[in-house]
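Chemist: Which chain is which? The protein sequence lines are A and B, in order. With my numbering, the residue at position 59 of the first sequence is 1140, and numbering never jumps. With my numbering, the residue at position 74 of the second sequence is 1155, and numbering never jumps.
To be clear, the hints were calculated from the coordinates, so they are not data collected in a lab. Think of the CB as a built atom: it goes at the ideal place given N, C-alpha and C, for glycine as much as any other residue. Possibly wrong hints are sitting among the right ones.
[As the list claims (entries may be wrong)] Output of the computed footprint for chain A on chain B, the stretches with three or more beta carbons under 8 Å from beta carbons of chain A:
| id | region |
| --- | --- |
| 1 | 1107 to 1114 |
| 2 | 1179 to 1189 |
[As the list claims (entries may be wrong)] Heads up, simulated BS3-like pairs for lysine-lysine below, C-alpha to C-alpha not over 30 Å straight-line:
| id | chain 1 | residue 1 | chain 2 | residue 2 |
| --- | --- | --- | --- | --- |
| 3 | B | K1445 | A | K1375 |
| 4 | A | K1368 | B | K1429 |
| 5 | A | K1374 | B | K1362 |
| 6 | A | K1140 | A | K1268 |
| 7 | A | K1140 | B | K1230 |
| 8 | B | K1445 | B | K1465 |
2 protein chains.
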Amino acid sequence: MENLYALRAQKATNSELTELFRMSGQPDVISFAGGLPDPAWFQEEIDDVASEILKNHRKTALQYGPVPGITFVREFIAERMTKQNMSSKTENILITSGALQGLDLVCKVFVDPGDLVLVEAPTYLGAISTIESYEAEVDSIACDEDGLKVDELEEFLKNTSQKPKFIYVIPTFQNPSGRVMSLERRKKLIDTANKYEIPIVEDHAYGELRFSGQDIPTLKGLDTEGRVIFLGTFSKILSPGIRLGWIAASEFLINKLILFKQGTDQMSSSLSQLIAYEAGKRGLIDKQIEVSKKNLRQKRDVLIKALEKYFGNSAKWVTSEGGFFTWVEIDKDIDTLQLLYKACDEYKVAYVAGPSFFVDRSGKNSLRISYSLPNIDIIEEGVKRLYQVFNQ
Amino acid sequence: MENLYALRAQKATNSELTELFRMSGQPDVISFAGGLPDPAWFQEEIDDVASEILKNHRKTALQYGPVPGITFVREFIAERMTKQNMSSKTENILITSGALQGLDLVCKVFVDPGDLVLVEAPTYLGAISTIESYEAEVDSIACDEDGLKVDELEEFLKNTSQKPKFIYVIPTFQNPSGRVMSLERRKKLIDTANKYEIPIVEDHAYGELRFSGQDIPTLKGLDTEGRVIFLGTFSKILSPGIRLGWIAASEFLINKLILFKQGTDQMSSSLSQLIAYEAGKRGLIDKQIEVSKKNLRQKRDVLIKALEKYFGNSAKWVTSEGGFFTWVEIDKDIDTLQLLYKACDEYKVAYVAGPSFFVDRSGKNSLRISYSLPNIDIIEEGVKRLYQVFNQ
C-alpha cells in the first residue's frame, strides 16, 4: 500500500526520539529526557472525584457530549482564564484532547501545503512535527535570554515575500529553554503581529508553574485585537493521562475549529472533562499546582547546584523560574546528538539533544534537561554523568 | 484572520446537523436522530472499575503513556480480535480516540488534496466530512439489501482514470441503513480490492451488536493479503464518553499511523485505556453487549410493528438484525430534508434525512431512524408522528 501514501506520509519518518525514549526508560538510566510530571504530584483526592462522578453522573460521563465540550466545563475554563486576566466567555473555549491537538486543529484551519509558519529557535519539537505534518514550511526566529528576538521577527516580516500563517510561541517557561519572554518583548510581539496581521499561537502549557520571580501577563492577556490563539492544557496542572486541554480564541475562529474537532475525534472524553471540572471546583488543581511548584523548585535548586559543581564555567544554563526545563550550552565544540546514544548506553544518563529543537538542526553544543520527573536524590549523580559524557 | 484560512477551512461549513441536534434535544421532541447508546446500558460495576484503577494504578492512569497505547491494552484488543477470528498481534493495534479518529489518521496517511476516496451510498455522514476535510474527491458506489454492489465497484475501477486511495465501508449493521453485506459480496469485495490493489477501510462500530440472524465473517477475517484496515471502537460496546477505539492493520502501516497519532493528540487517555481493559477482563463488556442487544431487539420489534401499522405498504424499511439503525424509504415524491424542520418544530419528532448520507445528496424520499436511544414506550408515538409529517 506504500505507493498509495500521501506526500505527508512519505515525508514523515520515525522520530529520533522513539529510540531515545526507549533507551531512557531502562531502569538504570537517569533520565532528563521526557517532559513528564512527577506522578508523586497526583493527588489522592482525585480517586474520590472519579468515583463520585461515575456514581452520580455515570450517564453523562460515559455518554457522547457536545463537540466543543460540555458547556459548564467550557464555562469553568472561561472563568478560570478570566481570573488569570485573560477575559474569556464560554463561546471562546473549545475543549481539546491536550494542547497539541489544539495546535493540530489550528493547523487544520490555517495551513495549506507550502504555507509558511514561524516558530521560536529553539522550540517544542512536538510542535515542529505537528506543523510539518501539514506540509508547511517552518522557519524560525532566534531567542535570547529575554525570549523571542522580536526585532528579528520584524526584520523577517518586512522582507519576506510569503506572509506566515501564524507564529507559534511558548513565552512562559519555554520548552525547551525554560526561558520567559520579557514583558517588553511581549508587548512588542503583539504590536508587530498586529502591524503585519499575523496570528500568534501562544502555548501556555507550563505557564501556571512559576516557583520564583514575578508573574508576567500572558500574550493573551495583553492582546486587544483577538490576535492571540491560546493553547491551554490540564496535562501539567492535573494529569496528562486524561488528555485534556483547550483553545481560547475569538468565537468566530472557535466555530471554525469546532468543525474540524468534529471530524477529528468528535469530542474529548466526557469523563475527563468532568474530572477536570470537579477537581477544579474542589481546589485540587490549585493544590496540585502548589505541590508541583514546591517540588520543581527543590529539584531546580539541586540541579543548578550540581551544574555549578560539575560544569562551573565550562557551560551556560538557564536558571528557570518555573516549568520543567533547563537549557544547557556547553562551551565546547561537541555534538550532543551524536553523543546521546553513548550517554544512554555507557553513562546511563538521558537528555534531549539541542538539534531536536531547531528547525535548522543547529544547537549542537546544547541540550534540554528536564528536571520534573527524576527523583531529587539522583539529580546530582545525573549531572555528574552528563559532565563525564561531554568531557570524556 | 479569515483571509489566512487554509482551503479546507474555507470549504468547511456548518453541518446541517448542528441545528438538527439542537432541535432534537428539546424535551418534547421524540428523537430518532442521534446514534447514541441508551445510557441505561451502562453497567453500575464500571464505577468500581474506575475507582479501583485510580486507587491502585493512579500513577499510570493519570500519566502519559506510549503513543500507540499501553502495551497490555493493545495486547488485550489483539487477543479479543483473534478470538473473533481476526488474527492479530499487539503490533497490529494502534489505540485511537474513537473510530472516527482512526479514519482521520488513515486519511492523514493516504489522502492528498484531489485524491479519490470511495464510500458506500448511503454512508456514515461523519466519515464523509472527515474524508472531505482532507480535500479528497469522494465518490460513492450504490448499495442494495445485500450491501455494496461490488459489480458496480468493479465496473468503476475498470473505467476510472484515477485510482482510489481506499474504499470506506461499514459492512455490518451499516450506518445509516442497518444492512449487512452478504458473505458472497464480502468475498467478492476482497477479491476486487486485491485485484485493483485498493485498501479497504472496514468500520466495525456496530458489528458486535447482532441480536438476530447468523454471524458473518468480517472483511478483516476474510482478508489474507493485509488489504483491510479495521476500525474498532468501545463507543457502542462500553462507552462513547471515554473516547476509545483502535485501528487494526499491518505492523508496517501501524508504524506510519503512529507517527501521525503522535502529532495529533500524542496518545489516547491512559485512564480510558485502563477502564476499557479492566471492564473487558471483568466481563463487563460482554455483559453490556448482552444487555444492549436484548434492549435493541425489543426496540427494533416495537419500531417495525409501528412502521407496519402506520406506513403499511406506503414505505419500505430494513428489518435490521443488529446495531442502532433502520432505513426507511417513503413511496412518495417527498423531500425528507426539507420536511425536517417542520417535523421537529410542529410534529415534535426528529430523524436524519436521507440526503445527509449521500455524497450526491440523493435519497430525498428516505431517512435514518435510530432506535437505540429513545425510550421503548415512545417509539410507536414517534412513528405515528413521522407518518403525519410525511402525509400531512
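Chemist: Hint by hint, say whether it matches the structure.
Modeler: Hints versus structure:
Coverage of the region 1107 to 1114 of chain B by chain A is violated. Counting CB-CB distances below 8 Å, 0 residues qualify, and the rule asks for three or more. Note: the region 1179 to 1189 of chain B has 5 residues with beta-carbon separation from chain A under 8 Å; the three-residue rule is met and the coverage holds. Among the hinted pairs, B:K1445 with A:K1375 is inconsistent with the structure: their alpha-carbon atoms are about 64 Å apart, more than 30 Å. A threshold of 30 Å between alpha carbons decides the hint, and for A:K1368 with B:K1429 the separation of about 48 Å lies outside it, so the pair is violated.
For the suggested pair A:K1374 and B:K1362, the alpha carbons sit about 38 Å apart, so the restraint of at most 30 Å is broken. A distance of roughly 46 Å separates the Cα atoms of A:K1140 and A:K1268; the hinted pair therefore is violated under the 30 Å criterion. Between the alpha carbons of A:K1140 and B:K1230 the distance comes to roughly 39 Å, so the proposed pair goes past 30 Å and is violated. Proposed proximity of B:K1445 and B:K1465 is supported: the alpha carbons are some 20 Å apart, at most 30 Å.
Violated hints, in rising order: 1, 3, 4, 5, 6, 7; the structure is consistent with all others.
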